[in-house]
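**Student:** What follows is the residue order along each chain.
Number of protein chains: 2
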Amino acid sequence: MILLDGKTTSSDIKDEITLEVLQLKKEGKKTPHLAAVIVGNNGASRTYVGAKVKACNRVGFLSTLIELTDDTTEASLLSKIDELNNNIEIDGFIVQLPLPKHIDEQKVLMAVDPKKDVDGFHPTNVGKMALNLPTFISATPYGILELLERYKVETSGKHVVVIGRSHIVGSPMSILLSQKRTVGNATVTITHSRTRNLKEITLQADIVIAALGIPEFLTEDMVKANVTVIDVGITRVEDTTKKSGYRLLGDVAFDEVSKKAAYITPVPGGVGPMTIAMLLKNTLLASKNNN
Amino acid sequence: MILLDGKTTSSDIKDEITLEVLQLKKEGKKTPHLAAVIVGNNGASRTYVGAKVKACNRVGFLSTLIELTDDTTEASLLSKIDELNNNIEIDGFIVQLPLPKHIDEQKVLMAVDPKKDVDGFHPTNVGKMALNLPTFISATPYGILELLERYKVETSGKHVVVIGRSHIVGSPMSILLSQKRTVGNATVTITHSRTRNLKEITLQADIVIAALGIPEFLTEDMVKANVTVIDVGITRVEDTTKKSGYRLLGDVAFDEVSKKAAYITPVPGGVGPMTIAMLLKNTLLASKNNN
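Here the protein sequences come in this chain order: P and D. Under our numbering, think of the first position of the first sequence as 1, with each following residue one higher. Under our numbering, think of the first position of the second sequence as 292, with each following residue one higher.
Simulated from the structure, these hints should not be mistaken for laboratory data. Everything numeric in this text was worked out from a predicted model, so none of it was measured. There may be inaccurate statements among the hints.
Here are the simulated distance ranges between beta carbons [stated by the list, open to error]:
1) D:N376 to P:G157: 40 to 50 Å
2) P:G28 to D:K490: 42 to 52 Å
3) P:H167 to D:A366: 35 to 45 Å
4) P:E154 to D:K490: 13 to 23 Å
5) D:R337 to P:K25: 33 to 43 Å
6) D:K490 to P:T18: 42 to 52 Å
7) P:S11 to D:S484: 56 to 66 Å
8) D:N423 to P:R236: 42 to 52 Å
9) D:G448 to P:G157: 41 to 51 Å
10) D:E374 to P:D82: 22 to 32 Å
11) P:S11 to D:N423: 35 to 45 Å
All C-beta atoms, glycine included, are put in the ideal place defined by N, C-alpha and C.
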């Protein structure tokens, strides 16, 4: 069994980006600049955004953190986005989700200029992804493609089973892996809560992507030998034996499934760390397009 | 076996649209107006566009046919599109494909205002479709959804196998049928030229959508009893016994597969006639949005 180590891989990617940034600077080109907008005081969101800013610093990007209070109106957030769209110093920006309930998330995502949408959430970028045109692929699917590529996991002609149909992971993953691309050309089955004979289907899979958000859902009896398993889930479960009072569980019963798997991502340290690296890659691309 | 009769169904839809147009006129609202741009002298393209214009007349839409010569430059086509984007009389328009080789098709499709893109080919509309947001769904996938809905073919929890991954049919079909929607909630497998064990997969299907463009590819040994079969293929095959010198074949060996099927589309007269009806539905929607 080979561990698909997202921590090491994302660190490698960050090192590669650091070198690219040094090269850009040497050529007198602009330093990539990411902005992040956060509305309100959600603790998890603050942690995520903080990690993104820190990652920018590490690779030599400029970063701008825009913190808005909980009572920010939709109109004032939209006007801030408009400002970022028009600020030529900013190459790309993200609006950290979730937003407070009085703000229409879809409306906000639609307001981001697709050229600066390094999260890849704007319909125009989702459409380009679906049409296999150059675009910003959103961080989680992009990170999974990158992990599979760097570990040389063959996907062409393989049967991939995706569990979960979210717009963030399951749906784009199923689209990408079926396309003609380096990591692609797979036969892909997308399954979800309405799927009747899930186990019968996962047992056929060469690669399983578990992205449904139910801790330890995928058990060893559901996969065949030498399967590759990508675990996108990450759920906090109470654990009084831990100092923090909780531990993190993926959607895969790691201990038992890992015994059968050829390749498997751990949780934490698998897909999670890849997402920030891919956000940086998208920002670098935005910056090059903006040079 | 029940025939999914696209000819009758599309005729029903046209009748419904005719009534809606009469109602719109009665309310003093604008008459839906579709424009079609055709470049060059491709015989098949002229036939298709002609049928679209005729269908507009039948339901009481206004239509404008813009015929450009083979040597039209990309720039002049783009300027024509710009004109249509800004013409408030026109609710929606299509650019008939294929375009002459000196014109970049993707660039042209990207130039169409998504609000007037009744073909649903613009990345913004493809993205909205993938995100299950209201949009123009392109005619062939939309027509298949409509056929399944009108014949009350259950899709929820069923296993759909799509053969072919084109951006026009296979890919959007696989996305749409897996979504939470009236005709949807299916477990969907997308297969293509790189799929290794196709027969093993199609034998599991409750619904097969054949969209690969190989005449009579799907044979009776590849499907289980009581399958529903949607045949998107339409290929001209030489036939000296016919006055025209050819006959039209689908991707399904109809004579043998129909004996096993619960529901099946004929070719011609299945999916084909639905596409124009759905283009009219999209134009009606564009007109309502423009009212």
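**Student:** Determine for every hint whether it applies to the structure shown.
**Tutor:** Each hint, compared with the structure:
1. D:N376 to P:G157: 40 to 50 Å: The hinted range 40 to 50 Å holds for D:N376 and P:G157, with Cβ atoms some 43 Å apart.
2. P:G28 to D:K490: 42 to 52 Å: The hinted range 42 to 52 Å is violated for P:G28 and D:K490, with Cβ atoms some 59 Å apart.
3. P:H167 to D:A366: 35 to 45 Å: The hint (35 to 45 Å, Cβ to Cβ) holds, given that P:H167 and D:A366 are roughly 37 Å apart.
4. P:E154 to D:K490: 13 to 23 Å: 22 Å, holds
5. D:R337 to P:K25: 33 to 43 Å: 57 Å, violated
6. D:K490 to P:T18: 42 to 52 Å: 50 Å, holds
7. P:S11 to D:S484: 56 to 66 Å: Violated, at about 37 Å.
8. D:N423 to P:R236: 42 to 52 Å: 28 Å, violated
9. D:G448 to P:G157: 41 to 51 Å: Hint violated: Cβ distance 28 Å, outside 41 to 51 Å.
10. D:E374 to P:D82: 22 to 32 Å: The hinted range 22 to 32 Å holds for D:E374 and P:D82, with Cβ atoms some 28 Å apart.
11. P:S11 to D:N423: 35 to 45 Å: For P:S11 and D:N423 the Cβ distance comes to about 36 Å; the hint holds.
Hints 2, 5, 7, 8, 9 from the earlier list are contradicted by this structure; the remaining hints agree with it.
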